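2 protein chains.
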Amino acid sequence: MRRIEEVAGNNTSDLTEMNRSAIVRILQQKEVCTRAEIAKLMGLTQASITKLVGYLIEMGVVSEVGIVKGNGNRRSIGIRLNAEKNLVIGVKFSRHVFAIGVFDISGKLYTQKETEFGLDENTGIVLAQMKKQIRDLLDEYKNIVAIGLALPGPYLRKEGRIAMVTRMPSWHNINFIEEFENEFDKPVFIEQDANAGALAEWWFGDHGRPLSSLTYFLVGEGVGSGVVDNDRLLLGYQGIASEVGHISIDYNGPVCECGNRGCLELYSSTTAFLKEAKLKLPELFRDKYENRTMACERVFDAARSGNTKAKALVEKIAEYIGYGCVTLINAYDPEIIVIGDSISKADELILPTIKRIVEERTIPEVSSRVRIKISKLSIDPTLYGAAAIATDRVLRKPSEYLFTN
Amino acid sequence: MRRIEEVAGNNTSDLTEMNRSAIVRILQQKEVCTRAEIAKLMGLTQASITKLVGYLIEMGVVSEVGIVKGNGNRRSIGIRLNAEKNLVIGVKFSRHVFAIGVFDISGKLYTQKETEFGLDENTGIVLAQMKKQIRDLLDEYKNIVAIGLALPGPYLRKEGRIAMVTRMPSWHNINFIEEFENEFDKPVFIEQDANAGALAEWWFGDHGRPLSSLTYFLVGEGVGSGVVDNDRLLLGYQGIASEVGHISIDYNGPVCECGNRGCLELYSSTTAFLKEAKLKLPELFRDKYENRTMACERVFDAARSGNTKAKALVEKIAEYIGYGCVTLINAYDPEIIVIGDSISKADELILPTIKRIVEERTIPEVSSRVRIKISKLSIDPTLYGAAAIATDRVLRKPSEYLFTN
Chain A
0 MRRIEEVAGN
10 NTSDLTEMNR
20 SAIVRILQQK
30 EVCTRAEIAK
40 LMGLTQASIT
50 KLVGYLIEMG
60 VVSEVGIVKG
70 NGNRRSIGIR
80 LNAEKNLVIG
90 VKFSRHVFAI
100 GVFDISGKLY
110 TQKETEFGLD
120 ENTGIVLAQM
130 KKQIRDLLDE
140 YKNIVAIGLA
150 LPGPYLRKEG
160 RIAMVTRMPS
170 WHNINFIEEF
180 ENEFDKPVFI
190 EQDANAGALA
200 EWWFGDHGRP
210 LSSLTYFLVG
220 EGVGSGVVDN
230 DRLLLGYQGI
240 ASEVGHISID
250 YNGPVCECGN
260 RGCLELYSST
270 TAFLKEAKLK
280 LPELFRDKYE
290 NRTMACERVF
300 DAARSGNTKA
310 KALVEKIAEY
320 IGYGCVTLIN
330 AYDPEIIVIG
340 DSISKADELI
350 LPTIKRIVEE
360 RTIPEVSSRV
370 RIKISKLSID
380 PTLYGAAAIA
390 TDRVLRKPSE
400 YLFTN
Chain B
0 MRRIEEVAGN
10 NTSDLTEMNR
20 SAIVRILQQK
30 EVCTRAEIAK
40 LMGLTQASIT
50 KLVGYLIEMG
60 VVSEVGIVKG
70 NGNRRSIGIR
80 LNAEKNLVIG
90 VKFSRHVFAI
100 GVFDISGKLY
110 TQKETEFGLD
120 ENTGIVLAQM
130 KKQIRDLLDE
140 YKNIVAIGLA
150 LPGPYLRKEG
160 RIAMVTRMPS
170 WHNINFIEEF
180 ENEFDKPVFI
190 EQDANAGALA
200 EWWFGDHGRP
210 LSSLTYFLVG
220 EGVGSGVVDN
230 DRLLLGYQGI
240 ASEVGHISID
250 YNGPVCECGN
260 RGCLELYSST
270 TAFLKEAKLK
280 LPELFRDKYE
290 NRTMACERVF
300 DAARSGNTKA
310 KALVEKIAEY
320 IGYGCVTLIN
330 AYDPEIIVIG
340 DSISKADELI
350 LPTIKRIVEE
360 RTIPEVSSRV
370 RIKISKLSID
380 PTLYGAAAIA
390 TDRVLRKPSE
400 YLFTN
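Going down the list, the protein sequences come from chains A and B.
The letter at position 177 of the first sequence is residue 176 when you use numbering that gives the first Met the number 0, and the numbering goes up by one with no holes.
The letter at position 170 of the second sequence is residue 169 when you use numbering that gives the first Met the number 0, and the numbering goes up by one with no holes.
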């Protein structure tokens, strides 16, 4: 029985590990803390914290940083995480591009690189390029502890396969677990892209603490969502929960590749948006444009300059995103919804409409309390999310994964 | 920080408690087990199990039951849960009726009683009746360890208030936590009705084990859902996650009391079904009928007898339930969906259509694996669920809640 095994898997050393993990996670978010502050946050005695911190100092995971002001103005020794000692590689894989970055476990970026490829390009060649770049980074950065890989969903987590990606049929049969599991001498963790975005916002986003439940709403070429409910990623049976892009908003609507009708993705993706934009504003698309995100931004810029047709197009997609938020609220009751990916670049153009729709279409107890924000991460949330996948795993089991002295 | 407090809340005695809880939960589902079987299921040594079981025997929570056949045909002593020593009261509260039952922690029913009331009846009088009946049961059954209360949703868990119940505005301001918290000398646990149904199916349903993720789809006068994802109830920020009844299936549809348009509840509730039925089949409704469930059953019986209009009505609602299942799959990726409450009495009349819709509208990887079933619990799932709310809580902390010698 799965749930019993999980409970039973705990033993005294696991428990010590959970407490170590909790300390590392506090320091990941707070930079510098005193032992007394940690003790208070964790509800443990200072003696226990001293012991746990002592072990982490010995491991080299944390350091003392001299005297800081503690509780009640007493001067105490500060503790900080040696984030730079533990790096992760994040790999974002999407329809036209893969991106690879090196980060430390506090989310600081060291290097990143994007590689474009065609939808019809040989999958083996793309994978070989990706692995080569990872191998080069492992050679260059010696203290990498884990690799996180973010894939477009729905990703069948147990099988290692992408179940269906619109316009990417050739990737359907790649087994990512087999491809990556034993390829490097570092652990590789794989999640779907919207889940990665949710973890990025959870770990690296500036949303205040405590935070109990966060939903990341990815609105780009694909439309999806990732849900952290009470500190845990919602995964479902096969790992493909929270596919909001394929929740219908019109049961009589047009047919989607997934078989459903009226899927939200058909109304609110960049594909849907640009199709309309090219019809209504052909003058914006006379020159070759670099990619979809930039093409969308042309329309947003036109709206910002007062172009009436562009404003109407942006208003329309904001309404659909609003319906999506209402669905997310009724499905997951999040404390915060963070909207990310290409369409989120419309930012202040779409946010008032989204909030109005949520106010109109949910009960006041909900609309008055849920926070709806545009992602402000300075790094692509899916790439950052790939790093967060790895960070999440290693910080939950520090002595298993982190570098020690 | 919530998540850190939760982790930090664990200490060595909590861990022992988690292992005791795991043993009690194994026995709750398996009736009789040997120590070796428990050790194998939990991945612990037999010596640890012997110690843990010894404590539970001393507490009187479990007993030895003589020789049974163990692993490899060896004769071993069987262990069983003394379920009858620990009873719970379940209280179901719904729009026209409240029901109270006494159960043991293996789900066996001892007694139950229903009390009807009018939607406009004074809430204080109804609550006083409910409390009086609970008090009488506490006097009659001395070994009750906890009380579970299932309320119609969306129930704001932290506040103790029902946020909105269609057609029950007078109940909006009752604070159930205040009303019940200190009323009895037993702990009272409160959840929304569809969550209660999910826990009932999780604890008492016959769905095989292991089971990772289950969604209960309540289709009655209200429409809702309860989601157990990887052994944990999905709750959200305010406790009102998984309100599938208010997820829209048509963003241009009719306006719902919640403010949204085209809510699933407007198409698939008994209210919607009976409204259509009275128009199309007035001959079935000439006599006064007792309640909505029975009124629905008249239509189902007519369909079973070959009445074409009744068959068309049932087919139509089965399609809407199918769309609801597709939404649940895209939202939660459950291993199993269990459909319960009044409309589920249509059983074999609706199941093939529901399965067809799911097959048409989801990817094969999902439709071929998700199990869709009609609830077969012999007891009203919401009342049973109220008992499951209490059972879930006490079995997760046996030495805190269970009666001991």
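Hints are computed from structural coordinates only; laboratory data are not their basis.
These numbers come from a predicted model, not from an experiment.
Where hints are given, some of them may not hold.
The list cannot tell twin chains apart, which means a pair is met if one copy fits it or any two copies do.
Said to hold, decoys possible - Below 27 Å or equal to it, Euclidean Cα-Cα: the simulated BS3-like pairs (lysine-lysine) are:
id: 1; residue 1: Lys84; residue 2: Lys315
id: 2; residue 1: Lys131; residue 2: Lys310
id: 3; residue 1: Lys185; residue 2: Lys372
id: 4; residue 1: Lys107; residue 2: Lys372
id: 5; residue 1: Lys396; residue 2: Lys39
id: 6; residue 1: Lys279; residue 2: Lys308
id: 7; residue 1: Lys375; residue 2: Lys279
id: 8; residue 1: Lys308; residue 2: Lys50
id: 9; residue 1: Lys310; residue 2: Lys112
id: 10; residue 1: Lys279; residue 2: Lys354
id: 11; residue 1: Lys375; residue 2: Lys157
Homomeric proximity label, Lys375 with Lys279: Cα distance no greater than 27 Å: neither (30 Å within a copy, 55 Å between copies)
Up to 27 Å between alpha-carbons, please classify Lys396 paired with Lys39: within, between, both or neither. Close inside one copy (22 Å) and across copies (25 Å); limit 27 Å.
Status of Lys315 relative to Lys84 across identical chains (alpha carbons, at most 27 Å): neither (47 Å within a copy, 61 Å between copies)
Is it within a copy, between copies, both, or neither that the alpha carbon of Lys107 lies no farther than 27 Å from that of Lys372? Within one copy, since 22 Å is at most 27 Å while 48 Å is not.
State whether the alpha carbon distance between Lys279 and Lys354 is at most 27 Å within one copy, between copies, both, or neither. Within one copy only: 26 Å inside, 41 Å across.
Checking Lys279 and Lys308: alpha-carbon separation at most 27 Å within a copy, between copies, both or neither? Within one copy, since 7 Å is at most 27 Å while 47 Å is not.
Same-copy or cross-copy closeness of Lys185 to Lys372 [CA-CA at most 27 Å]: neither (35 Å within a copy, 43 Å between copies)
Classify it for me, Lys375 with Lys157: is the Cα-Cα distance of at most 27 Å met within a copy, between copies, both or neither? neither (32 Å within a copy, 30 Å between copies)
Between copies, within a copy, both or neither: which fits Lys131 and Lys310 at Cα up to 27 Å? neither (44 Å within a copy, 62 Å between copies)
Is it within a copy, between copies, both, or neither that the alpha carbon of Lys310 lies no farther than 27 Å from that of Lys112? neither (34 Å within a copy, 61 Å between copies)
Can you give me the call for Lys308 and Lys50, within, between, both or neither, at a CA distance of at most 27 Å? neither (65 Å within a copy, 74 Å between copies)
In this structure, the earlier hints numbered 1, 2, 3, 7, 8, 9, 11 are contradicted, and the remaining ones agree with it.
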